[in-house]
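Starting from the given sequences, assemble the full structure and let the hints guide the process.
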Amino acid sequence: MAASLLQNPLKTPFSELSIKKQKPCFLKPRHLTITATHPQLQGRKLRAAVIGGGPAGSSAAEALASGGIETFLFERSPSTAKPCGGAIPLCMIDEFSIPLHLIDRHVTKMKIISPSNLTVDFGSKSLRAHEFIPMLRREVLDSFLRTRAQSAGAQLIPSLVTHLEIPSSPFSPYIVHHTINNSRKTLAVDLIIGADGANSKVAKFIKAGNYTCAIAFQERIRLPDEKMEYYQNLAEMYVGDDVSPDFYAWVFPKCDHVAVGTGTVCAKQDIKLYQRGIKERVKNKINGGKVIKVEAHPIPEHPRPIRVRGRVALVGDAAGYVTKCSGEGIYFAAKSGRMCGEAMVRASDGGESMISEDDLKREYLLEWDEKYLSTFRFLDLLQRVFYGSNAAREALVEVCGSEYVQRMTFDSYLYKKLAKGDRLEDLKMVLGTIGSLMRCKIVGRHMEALKL
Amino acid sequence: MSISMASFSPPPTSFSVKPHFTHKPTPFFRLKRPFLLLSSLKSLPDNGAGVSASLAAAEDPSPKQKDLVLEKAMEGSAGPNGVATSTEVEALSKFEDPRWIGGTWDLKQFQKNGSTDWDAVIDAEVRRRKWLQDNPETTSNDDPVVFDTSIIPWWAWMKRFHLPEAELLNGRAAMIGFFMAYLVDSLTGLGLVDQMGNFFCKTLLFVAVVGVLLIRKNEDLDNIKQLIEETTFYDKQWQATWLDDTSSNNN
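First to last, the sequence lines map onto chains Z and P.
According to the working numbering, numbering within the first sequence proceeds without interruption in unit steps and concludes at 452.
According to the working numbering, numbering within the second sequence proceeds without interruption in unit steps and concludes at 251.
Treat the hints as calculated values from the structure; they're not laboratory data.
Backbone N, C-alpha and C define an ideal beta-carbon position, used for all residues, glycine too.
Please note: incorrect hints may appear among the correct ones.
Stated by the list, open to error - The list that follows gives simulated cross-link-like pairs (lysine to aspartate or glutamate, EDC-like), each with its CA atoms no further than 20 Å apart: (1) Z:K441 <-> P:D142; (2) Z:K111 <-> Z:D121; (3) P:K236 <-> Z:E301; (4) Z:K111 <-> P:E219; (5) Z:K111 <-> P:D143; (6) Z:K285 <-> P:D142; (7) Z:K185 <-> P:D119; (8) P:K217 <-> Z:E448; (9) Z:K109 <-> P:D142.
Said to hold, decoys possible - Okay, the calculated beta carbon distance ranges per label pair: (10) P:L168 <-> Z:L427: 27 to 35 Å; (11) P:L168 <-> Z:I292: 53 to 61 Å; (12) P:E230 <-> Z:Y404: 22 to 30 Å; (13) P:F199 <-> Z:D426: 31 to 39 Å; (14) Z:L427 <-> P:E230: 24 to 32 Å; (15) Z:D426 <-> P:K159: 24 to 32 Å; (16) Z:Q232 <-> P:N223: 28 to 36 Å; (17) P:G114 <-> Z:R377: 48 to 56 Å; (18) P:E219 <-> Z:L431: 23 to 31 Å; (19) P:M158 <-> Z:D256: 46 to 54 Å; (20) P:S140 <-> Z:H106: 23 to 31 Å; (21) Z:D104 <-> P:V209: 54 to 62 Å; (22) Z:L100 <-> P:G102: 38 to 46 Å; (23) P:K236 <-> Z:S353: 33 to 41 Å.
Here it is as structure tokens:
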């Protein structure tokens, strides 16, 4: 009623208008969003620094630069070969337009081997003709992505970032201190994307919190030709208490050698023991090989408590986007970098206006969590169920024998989509899994009883 | 750093000394298993002849086990140009059993009264896995393992493991049910049929059944609590970044 009075004050006679002050009555729409428009930047584009030039950093820089933001990409050593499995899902080739000549090997067969050496062939029947797991060298992939970011307009600065000054007001710039050619320089930017990996400095500066890391340890071994023939397009996964208490050990073929390695979260000090264990298990197949490199690296197990603070966002390994169970990080690093860059471009209208922490959270974190949280949660469940004990690992290998399971796994892994399966087959798979787990648990219990 | 991967021993110059010191020089000499394993482990102290779990194998002699173990010399391909390969004598134990043929259990040898004795198959498999847990075996392409527990039919598992436990649990449920029905009857005067019509009594029945199923040992209560916490832990780690919104940390 008051609203109508307000709307048509001229139409009501004076006698009806009340003298006492009325509280203003706002028409409340059902969904009210009040967004303060950020101040437009005076005559300049937004400036962003991407710290770390791996897949995450390069994709972020490319997205930012193509969106119209002035981008600086910091990479301290553009030519190091990173310790990494080097496997990417098939969808990454399309999504990131990766040229096929960069791929060293097309893995079309996988073997998963249980503690009792039960071997299951993964892929010989369930991979379609055009499907494979691409294996690349990280230095090749990284430099390709970096060059592409540069051609999109990002400026590559090959220097080490030493310090980050956090501004006190929401509109003053961040100052990036970096060392190049033994001289210290500074750079003022409005936005920062931290893509500097598992030991992220950016995360330390914004006090993003810590996360538990697994350690991955691998040795690159050059094999004699006839042994290399076996690993032509075959990758192997070994599970067992002797090779890793909570992860798996692998033999991945690379350009002209194989990488034999293992990883663990809870028993990092025994990693050398587990490495010996895996080499023992593959002894016959790598006999006569020569170790050409030994490398190790931490792998984050879960996201950091804070992934966005102020106008700084973390992506890739720095944010902790590595799946459990498979330890896959390259695709999620590149994807998160791209999503973050695009979010910044969107929120700032192509670099025209300043953005705030809420913009980043809304456009980047919310989108990311919505898209991939269920994938990460599911893989965490798989890791907890199947990597806990030898009995569970036996069950895992048994379950993997089913062609339907293999098909679903490949669909989810290669295309990063929660595969839609046949309901009946799903039910059979679940029942089969439960059956395998129960049987192997019974066997495991009796094994314990045999302990002398 | 080129560590010769195939050899777990010190550089080639000295390995010729060490193994001969404790081993009989002929690698095919079949020695008593525990002794040889112990000595083989002693001969390669710092370099580890495998996982520390293999140390436990020395403690697990159990001569009553029917498994025979052959000491095989490791096949070494002699690489003359400094690629040190293992031509040393190393105890490579392999699981051997007369009934384990071609990577699976030969069911014909498990016959009892004309049909397969599945219990014996399960026992044999338990022994084999226990053996492999303590002595991890190298995988081999020519000798793949193809036995998995689904070969044993479901009713064999049921008969041996499920039925006794089901009997136990049903017994517990029956005892609890009888006692509680008597108690509730004495307190409220409702007979069994009337109790089943009451919602509260039905809830009590449900709780009793679930309790009997889930809580079998005292530790189960803590285990269940821990399980619930564990299942939500990973999710909490992801949501941590959003919780910060409520604290006064917005700049």
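Hints and how they fare:
1. Z:K441 <-> P:D142: Between K441 of chain Z and D142 of chain P the Cα gap is close to 29 Å, so the pair fails against 20 Å, i.e. violated.
2. Z:K111 <-> Z:D121: Between K111 of chain Z and D121 of chain Z the Cα gap is close to 5 Å, so the pair holds against 20 Å.
3. P:K236 <-> Z:E301: Since the Cα atoms of K236 of chain P and E301 of chain Z sit roughly 13 Å apart, the hinted pair holds (cutoff 20 Å).
4. Z:K111 <-> P:E219: violated, 38 Å
5. Z:K111 <-> P:D143: Status holds; Cα separation ~15 Å.
6. Z:K285 <-> P:D142: holds, 11 Å
7. Z:K185 <-> P:D119: Not satisfied, since the Cα-Cα distance of roughly 75 Å exceeds 20 Å.
8. P:K217 <-> Z:E448: Since the Cα atoms of K217 of chain P and E448 of chain Z sit roughly 18 Å apart, the hinted pair holds (cutoff 20 Å).
9. Z:K109 <-> P:D142: Answer holds: K109 of chain Z to D142 of chain P is near 17 Å, not above 20 Å.
10. P:L168 <-> Z:L427: 27 to 35 Å: For L427 of chain Z against L168 of chain P, whose Cβ atoms are near 29 Å apart, the range 27 to 35 Å holds.
11. P:L168 <-> Z:I292: 53 to 61 Å: Holds, since L168 of chain P and I292 of chain Z (Cβ atoms, about 59 Å apart) stay within the stated range.
12. P:E230 <-> Z:Y404: 22 to 30 Å: Since the Cβ atoms of E230 of chain P and Y404 of chain Z sit about 28 Å apart, the hinted range of 22 to 30 Å holds.
13. P:F199 <-> Z:D426: 31 to 39 Å: holds, 35 Å
14. Z:L427 <-> P:E230: 24 to 32 Å: holds, 26 Å
15. Z:D426 <-> P:K159: 24 to 32 Å: holds, 29 Å
16. Z:Q232 <-> P:N223: 28 to 36 Å: violated, 46 Å
17. P:G114 <-> Z:R377: 48 to 56 Å: holds, 51 Å
18. P:E219 <-> Z:L431: 23 to 31 Å: This hint holds: roughly 28 Å between Cβ atoms.
19. P:M158 <-> Z:D256: 46 to 54 Å: With a Cβ separation near 53 Å, M158 of chain P and D256 of chain Z satisfy 46 to 54 Å, so the hint holds.
20. P:S140 <-> Z:H106: 23 to 31 Å: At 26 Å between Cβs, range holds.
21. Z:D104 <-> P:V209: 54 to 62 Å: holds, 58 Å
22. Z:L100 <-> P:G102: 38 to 46 Å: holds, 42 Å
23. P:K236 <-> Z:S353: 33 to 41 Å: holds, 35 Å
Of the numbered hints given earlier, the model fails hints 1, 4, 7 and 16; all others are met.
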